Amino acid sequence: MAYSEKLIDHYENPRNIGSLDKNAEDVGTGLVGAPACGDVMKLQIKVGPDGLIEDAKFKTFGCGSAIASSSLVTEWVKGKTIDEAETIKNTDIARHLALPPVKIHCSVLAEDAIKAAIADYRAKAQKEEPKEAAE
Amino acid sequence: MTAITQIRRNDQPIYLDYQATTPMDPRVLEVMMPYFTHKFGNPGSRSHAYGWEAEEAVEKARGQIAKLIGADEKEVIYTSGATESNNLAIRGVAEFYKDRKNHIITTVTEHKCVLDTCRHLEQQGFEVTYLPVQQNGLLDLDVLRAAITDKTVLVSVMAVNNEIGVIQPLAEIGKICRERKVFFHTDAAQAAGKIPLDVEAMNIDLMSISGHKIYGPKGIGALYVRRKPRVRLVAMIYGGGQERGFRSGTLPTPLCVGLGEACEIAMKEMGTEAKHLAKLQERMLKGLRAKLTDIVVNGDLEQRIPGNLNISFAYVEGESLMMGIKNLSVSSGSACTSASLEPSYVLRALGVEEEMAHTSLRIGLGRFTTEHEVDTAVDELVRHVTKLRAMSPLWEMAQEGIDLKSIEWAAH
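Just so you know, the protein sequences line up as chains A and B, in that order. Take the first sequence: its letter number 105 is residue 105 in the working numbering, and every next letter is one higher. Take the second sequence: its letter number 242 is residue 242 in the working numbering, and every next letter is one higher.
Some clues are possibly wrong.
Subject to a maximum C-alpha distance of 30 Å in a straight line, what follows is the list of computed DSSO-like cross-link-like pairs (lysine-lysine) [stated by the list, open to error]: (1) B:K405 <-> A:K127; (2) B:K181 <-> B:K151; (3) B:K291 <-> A:K57.
Output of the computed footprint for chain A on chain B, the stretches with three or more beta carbons under 8 Å from beta carbons of chain A [said to hold, decoys possible]: (4) 347–358; (5) 380–394.
Restraint ranges, calculated between C-beta atoms of paired labels, are given here [to be verified]: (6) B:T21 <-> A:A125: 55 to 65 Å; (7) B:A274 <-> A:V102: 50 to 60 Å; (8) A:I104 <-> B:A278: 22 to 32 Å; (9) B:E400 <-> A:L52: 54 to 64 Å; (10) B:K291 <-> A:N23: 32 to 42 Å; (11) A:I104 <-> B:E172: 40 to 50 Å; (12) B:V143 <-> A:N23: 45 to 55 Å; (13) B:K268 <-> A:R95: 51 to 61 Å; (14) A:N23 <-> B:K275: 49 to 59 Å; (15) A:N23 <-> B:S406: 16 to 26 Å; (16) B:G351 <-> A:K89: 48 to 58 Å.
Hint data in this document are derived by calculation from the structure and do not stem from the laboratory. All of these numbers come straight from a predicted model, not from anything done at the bench. Ideal Cβ positions, reconstructed from N, Cα and C, are used throughout, including at glycine.
Chain B on its own, in the form it takes in the complex:
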């Protein structure tokens, strides 16, 4: 385990939102620094030492990224992040193969950048199937099998969900896709560096990776594109033909180096880190359950990364709870925190009732989370949930034995 136990200042709130972003590991920053200053060359400059030095650095980092996912370094393309990777993978494949196949399969719990890309393709005339998930958040493989047709070109299923942390059965999905000769893309923004990934064993053809979810810098990501059997893409950004022509633009050397280092650290420490996080996750859940009733974990608890808990605190609205726990930085599935006033579409896709979706918090644990922070978080949550329940008419009715479903509420 790393020697660094705390990176926040004591006057900052406790950071429990590791699925939103992660702080950069100081070891990552250290290797990036020279590439901001004296090693500033353009990796595309072939005629002098500055360029060679930068090129060597981005290629070393490419190898580090490839190793994390069992790929060859020639199969890794740098992008600006997982959003761009997902756009490029889905649109790139769809547009390249559109004369032969025009059908894409994805799931309803994907990240917005996948769903929105698919919506765009629908407008272009492609057909998209949005598969439902089971109550635990996982895809039913038979539902997938039934959805594939001879027009299907791509299946895009995220590896780990950003809200509920559940891990999809990647190897099984990959096997089905390979048998049916359909490309398999996975958005691994929340999975890379957290769980073992192997593009060969899992038959993954395209994989999106993000830098800032794995203690690397923001503004960098990668897309794995299989070479054998070859996956072809139409490029989205035109220019100097960098990145095998898939993604033009000068590479941001310090960011590439940072992503590479972040991948290497994640690979080395994945085992110990997962154990550390599993302990913290259990400590958090035990602590809450010891003092609070009527709390529900959303999404499968077993097939889940240990750094995520998504919990509904029944009868307490999420935003009001977040206002109380000022010392904790978490996020909520409640509508009131979003501009749209709609509760989380992911929770709704699991069949979580709207009233329970309004009471949910996403708690993200990570590399720098300490036991002390978890204990403080439990104390604060217990205190504020108890306080808010004491002023909740729903809690009062539930305690009186009134079935809330028997009441005719006026929707407004």
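One chain only, chain A, in its complex shape:
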């Protein structure tokens, strides 16, 4: 399959591979996809006290497009607020990497991964609040 240079660059030099402590209160983790479908993405964000995403890490089981899509979004979310990060669309990812039509689902999965990570972070933050109020 003919892939764009940008995609190949992300595959060969993936940005931000790794894991953050999934139990930390300031870390949100999204795990999406399924092994049987051939792609699973784990995307994690770490949100600073100023509300900005200060770090993002990913691990992906999947084809080159899936790896590149997740690598790209870790770059994009850094420095954004979670509300801003939530607006990243799969079409932006697909366009940036020039994904072939059969690989569009990889960009959809990457968007889902961000949303899942943000949802996880928010759920943790909500649980935190009553505790803080009690103190």
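With chain A fixed as given, assemble chain B onto it according to the hints.
Relative to the frame of chain A, chain B by itself:
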């Protein structure tokens, strides 16, 4: 062993896809050349020397093909390849005998050209039974016995599978078919020239052969059609009545000559070549297992041609692995390499779980594969599997002792 050790240029990737096609043996090309130029006659021309010369050449080649499979030369028909041979054998028999019998038996791991032909026949009103295979890829003979009815006209079982290289028990299948008076067709595209075949000893009634899988040219194949007891076929291509009326059309003399030579070389060198390949296969597998855990060979390792390895590298998706090993030309059972996004139906038929099917590579070794190439391939595979596992969430979870099956994955 042949003196030729390398035919690729150094700037080309290492070719490890010998089940897809083989390079032509230079010795085959050499005997073909004159038939492209000055020996250009039509083998059907009976009135002059050009025709006689061409006819002599295609008949000599027919004899070489027949000898490889223990047949008589009169029983060999030239076709354009194994796809046409399989079409002609299955449709030809089904349509000829349809007034008496209308049932065909095949297996779920056959090549698409057999399965698709059977589907077509189903639409025409024939009944087709697609037999499952065992976990090792081999047909259970009792399952075959139970499937045969008095309406069964043909059993079509491939000799060697193109994805996993397993060898079906041809002699046993042939014996069952003969006892039950059912014709036995085998697609031997991946088997001819690789393993000993004997249409008499194995009771084979029809056999498909391909030129380009045995270091011969593309665009030529053969179909063996038994004369005693006679197998009748309805022709698919009408015209001048060449090839006993089974397959009209002017014979492509250079291709016929090439197929014949390829068969003769294969017959002479089968023993030494098999030993060479078995050594390489073992070297490859040992090399990978020394440095990688969690790798699984799909299909029976014993009942298998030595030129094939089909390996699942757990937790690493096949297409991403192929993107990494740029210097190796292999193929994958992963869905992501196919337009359909479905993982290999052959692996699924063995009961290989989908997540493992996504991680499989087919590695094909052949006549021109060297030890050095195998060692380079092992190094590249180890490097990239290790790199991709380090970025695989599944590998991470497995290392943490999490049972991946305990997680509720959202299918998408």
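Verification of the supplied hints:
| no. | hint | verdict |
| --- | --- | --- |
| 1 | B:K405 <-> A:K127 | holds, 29 Å |
| 2 | B:K181 <-> B:K151 | holds, 11 Å |
| 3 | B:K291 <-> A:K57 | holds, 27 Å |
| 4 | 347–358 | holds (count 4) |
| 5 | 380–394 | holds (count 5) |
| 6 | B:T21 <-> A:A125: 55 to 65 Å | holds, 58 Å |
| 7 | B:A274 <-> A:V102: 50 to 60 Å | violated, 39 Å |
| 8 | A:I104 <-> B:A278: 22 to 32 Å | violated, 44 Å |
| 9 | B:E400 <-> A:L52: 54 to 64 Å | violated, 30 Å |
| 10 | B:K291 <-> A:N23: 32 to 42 Å | holds, 33 Å |
| 11 | A:I104 <-> B:E172: 40 to 50 Å | holds, 48 Å |
| 12 | B:V143 <-> A:N23: 45 to 55 Å | holds, 52 Å |
| 13 | B:K268 <-> A:R95: 51 to 61 Å | holds, 58 Å |
| 14 | A:N23 <-> B:K275: 49 to 59 Å | holds, 57 Å |
| 15 | A:N23 <-> B:S406: 16 to 26 Å | holds, 19 Å |
| 16 | B:G351 <-> A:K89: 48 to 58 Å | violated, 40 Å |
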